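Novice: Here are the chains, one letter per residue:
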Amino acid sequence: MTATTTASMAATPARTARPPSARLRSWATRAPLLPALIFMIVVTQLPFVATLVISFFDWNALYPKARHFTGLDNYHQVLTDPDLRHSVWTTVLLTAAVVLVSLILGLGLALLLDRRFRGRGIVRTLLIAPFLVVPVAAALLWKHVLYNPEYGLLNGLLHYVGGPQPDWISNTPLLAVEASLVWQWTPFMMLILLAGLQSRDHQQIEAARVDGASDWQIFRHLTLPHLRRYLELGALLGSIYIVQNFDAVFTLTSGGLGTANLPYTVYQSFYQAHENGLASAAGVLVVIGSIVIATFALRVVSSLFREEVSRA
Amino acid sequence: MSAVAVRIRRRRGAGLGLLAWLIGLLFFLPIAWMALTSFHSEADAATNPPSFGAALTLDGYRDFFGVGGGASPWPALINSTVASLVSTLCVLLLALPAAYALSVRRVKKWTDVLFFFLSTKMLPVVAGLLPIYLFAKNAGMLDNIWLLVILYTSMNLPIAVWMMQSFLAEVPVAVIEAAQIDGARLPTVLARVVAPIALPGIAATALICFIFSWNELLFARVLTGVVAETAPVFLTGFITSQGLFLAKVCAASLVISLPVLAAGFAAQDKLVQGLSLGAVK
Chain A
1 MTATTTASMA ATPARTARPP SARLRSWATR APLLPALIFM IVVTQLPFVA TLVISFFDWN
61 ALYPKARHFT GLDNYHQVLT DPDLRHSVWT TVLLTAAVVL VSLILGLGLA LLLDRRFRGR
121 GIVRTLLIAP FLVVPVAAAL LWKHVLYNPE YGLLNGLLHY VGGPQPDWIS NTPLLAVEAS
181 LVWQWTPFMM LILLAGLQSR DHQQIEAARV DGASDWQIFR HLTLPHLRRY LELGALLGSI
241 YIVQNFDAVF TLTSGGLGTA NLPYTVYQSF YQAHENGLAS AAGVLVVIGS IVIATFALRV
301 VSSLFREEVS RA
Chain B
1 MSAVAVRIRR RRGAGLGLLA WLIGLLFFLP IAWMALTSFH SEADAATNPP SFGAALTLDG
61 YRDFFGVGGG ASPWPALINS TVASLVSTLC VLLLALPAAY ALSVRRVKKW TDVLFFFLST
121 KMLPVVAGLL PIYLFAKNAG MLDNIWLLVI LYTSMNLPIA VWMMQSFLAE VPVAVIEAAQ
181 IDGARLPTVL ARVVAPIALP GIAATALICF IFSWNELLFA RVLTGVVAET APVFLTGFIT
241 SQGLFLAKVC AASLVISLPV LAAGFAAQDK LVQGLSLGAV K
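If you're matching them up, the sequences are chains A and B in order.
According to full-length UniProt numbering, the first sequence holds residues 1 to 312 in order.
According to full-length UniProt numbering, the second sequence holds residues 1 to 281 in order.
Just so you know, the hints here were simulated from the structure itself, not pulled from any lab data.
Treat the hints loosely; a few may be bogus.
[As the list claims (entries may be wrong)] No more than 25 Å apart at the CA atoms, straight line, and that leaves these computed lysine to aspartate or glutamate pairs for DMTMM-like:
| id | chain 1 | residue 1 | chain 2 | residue 2 |
| --- | --- | --- | --- | --- |
| 1 | A | 65 | A | 275 |
| 2 | B | 108 | B | 177 |
| 3 | B | 108 | B | 59 |
| 4 | B | 109 | B | 44 |
| 5 | B | 137 | A | 81 |
| 6 | B | 108 | A | 232 |
| 7 | B | 109 | B | 177 |
| 8 | B | 270 | B | 170 |
| 9 | B | 270 | A | 114 |
| 10 | B | 137 | A | 307 |
| 11 | B | 270 | A | 201 |
| 12 | B | 270 | A | 232 |
| 13 | B | 109 | A | 307 |
| 14 | B | 270 | A | 307 |
[To be verified] Some but not every residue of chain B turned toward chain A, in silico, with C-beta under 8 Å:
| id | residue |
| --- | --- |
| 15 | 98 |
| 16 | 100 |
| 17 | 102 |
| 18 | 123 |
| 19 | 141 |
| 20 | 145 |
| 21 | 149 |
| 22 | 265 |
| 23 | 270 |
[Unchecked claim] Examples of chain B residues toward chain A, derived with CB under 8 Å:
| id | residue |
| --- | --- |
| 24 | 65 |
| 25 | 236 |
| 26 | 238 |
| 27 | 264 |
Computed from a predicted structure; not experimentally measured.
Glycine included, every Cβ here is placed at the ideal spot set by N, Cα and C.
Let the hints inform the model, and build the full structure from the sequences given.
Specialist: In structure tokens, the structure reads:
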């Protein structure tokens, strides 16, 4: 923040003294930024505006001549259609479950990895690996190699202990999708929380230990408050990525068995049903949901960011 | 602390280390099993109980690469390589000057600009998918790898700008000013002073952009067909497979994930910073 104020103060007298060259100089400062900025506006903002416009039209791509303005009709239809409403609910359920479980598992693993033990680097590498499998490949791995009721690894291992041989995806479709996503996202949470743990004030912890604080007291009163913002950041970034998840739903269940989330529904309603207006309205709803999460996310990121800037 | 307390603490420490190892191996098990299955014959891959010690063979890989007929994965692999490498290059070309204007020679309201970039990352892909599809259809750019290059550039640019501005901000301003007082021109300053300090960060940024582009499915699935199909789209061909194909699908998944695993492990230390958009160091 201080950098901004000094920069503007320095710029003001120069502008009054030599207006043309000062303006030139400020454009020279801005110039390197412009290509990236313009590119982003054209490629990400314009299509969204178009989506917004299309969402007010009744438009099926198979009957282009019947296209007409319908106002909020598409939104009404999206919000009253039982399938679409169900997909809103699925999105919420999927995101909340995956974020919460992977956050808790990630916290446990981060605490374990924060201690010194033999082979810590190897364990860290083993744990990161699931995050580095191409998402479609990971989903295929779970669908065919782990979940398959006849020769999947899960039922193979259950066979040894004489357990039942369930058809995982048919019996618990949403849970099956969630488990595969938790497997991929726990490493992400662990990495963020581990970075948080390692940025703790170690002198403070040592001091507390000398004063006779137990491990639990240190965790409860020092570590957890310090980790709060890292937990928030992990939860919010995780939500932003998982709300948009398409790969796992598409691969594991093809949106069937009640697992279609909003991104899949949007994909299906224009790619297969050619309902451009409806798809756009659903897309706008996803954006509104994301904006709610994003507002909080931006606040957390900016508080971490300002701390960094003021420390520098 | 008494000797007994120290011993208890040490023993519990060893127990927790063991627990970490166990969980680490559990998380890695599916990948290890995928690797093992990819080297089994199709008959051995589909048994219950699983055949851990079955004979090893390269048949799964031969099948995947289409040696005995069937679709060759090479066009898809080449498409993915082109889309990922070229888009990463575009990202670097656009993000480096932008990050310079946001960290070294700062524009006014530079934090606002940074947060604009971040907010575009939070706009879901589905929000712009349909107009992009309609545009591509009308412009005759469907099934064209260069459309993916543009989209992947926009997908990764915010991450790159955030990461790079945080790396460039680490270059001390005093060093840059000293070089300028000594009469060095801007390109010299960039090449001799800024680049050496920021280079590891730039490399990590590039690797992370490469990973995201390589992994992307939704755009590729909607906007490409036969010609510009990428590796993840090739993989979706296995979704409804029936019969004996486990070794082949494991080989395919492993081969297609290898570049990501390699890039991810290479960028391990900077991975968090990239994924948290520079908020966590």
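Novice: Now tell me, hint by hint, if it's right for this structure.
Specialist: Status of each hint after checking the structure:
no.: 1; hint: A/65 / A/275; verdict: holds (14 Å)
no.: 2; hint: B/108 / B/177; verdict: holds (20 Å)
no.: 3; hint: B/108 / B/59; verdict: violated (61 Å)
no.: 4; hint: B/109 / B/44; verdict: violated (63 Å)
no.: 5; hint: B/137 / A/81; verdict: violated (29 Å)
no.: 6; hint: B/108 / A/232; verdict: violated (30 Å)
no.: 7; hint: B/109 / B/177; verdict: holds (22 Å)
no.: 8; hint: B/270 / B/170; verdict: holds (14 Å)
no.: 9; hint: B/270 / A/114; verdict: holds (18 Å)
no.: 10; hint: B/137 / A/307; verdict: violated (47 Å)
no.: 11; hint: B/270 / A/201; verdict: holds (21 Å)
no.: 12; hint: B/270 / A/232; verdict: holds (20 Å)
no.: 13; hint: B/109 / A/307; verdict: holds (17 Å)
no.: 14; hint: B/270 / A/307; verdict: holds (20 Å)
no.: 15; hint: 98; verdict: holds (4 Å)
no.: 16; hint: 100; verdict: holds (5 Å)
no.: 17; hint: 102; verdict: holds (7 Å)
no.: 18; hint: 123; verdict: holds (6 Å)
no.: 19; hint: 141; verdict: violated (13 Å)
no.: 20; hint: 145; verdict: violated (16 Å)
no.: 21; hint: 149; verdict: violated (11 Å)
no.: 22; hint: 265; verdict: holds (7 Å)
no.: 23; hint: 270; verdict: violated (11 Å)
no.: 24; hint: 65; verdict: violated (16 Å)
no.: 25; hint: 236; verdict: holds (6 Å)
no.: 26; hint: 238; verdict: holds (6 Å)
no.: 27; hint: 264; verdict: holds (4 Å)
The structure fails hints 3, 4, 5, 6, 10, 19, 20, 21, 23, 24 (numbered hints given earlier, in ascending order).
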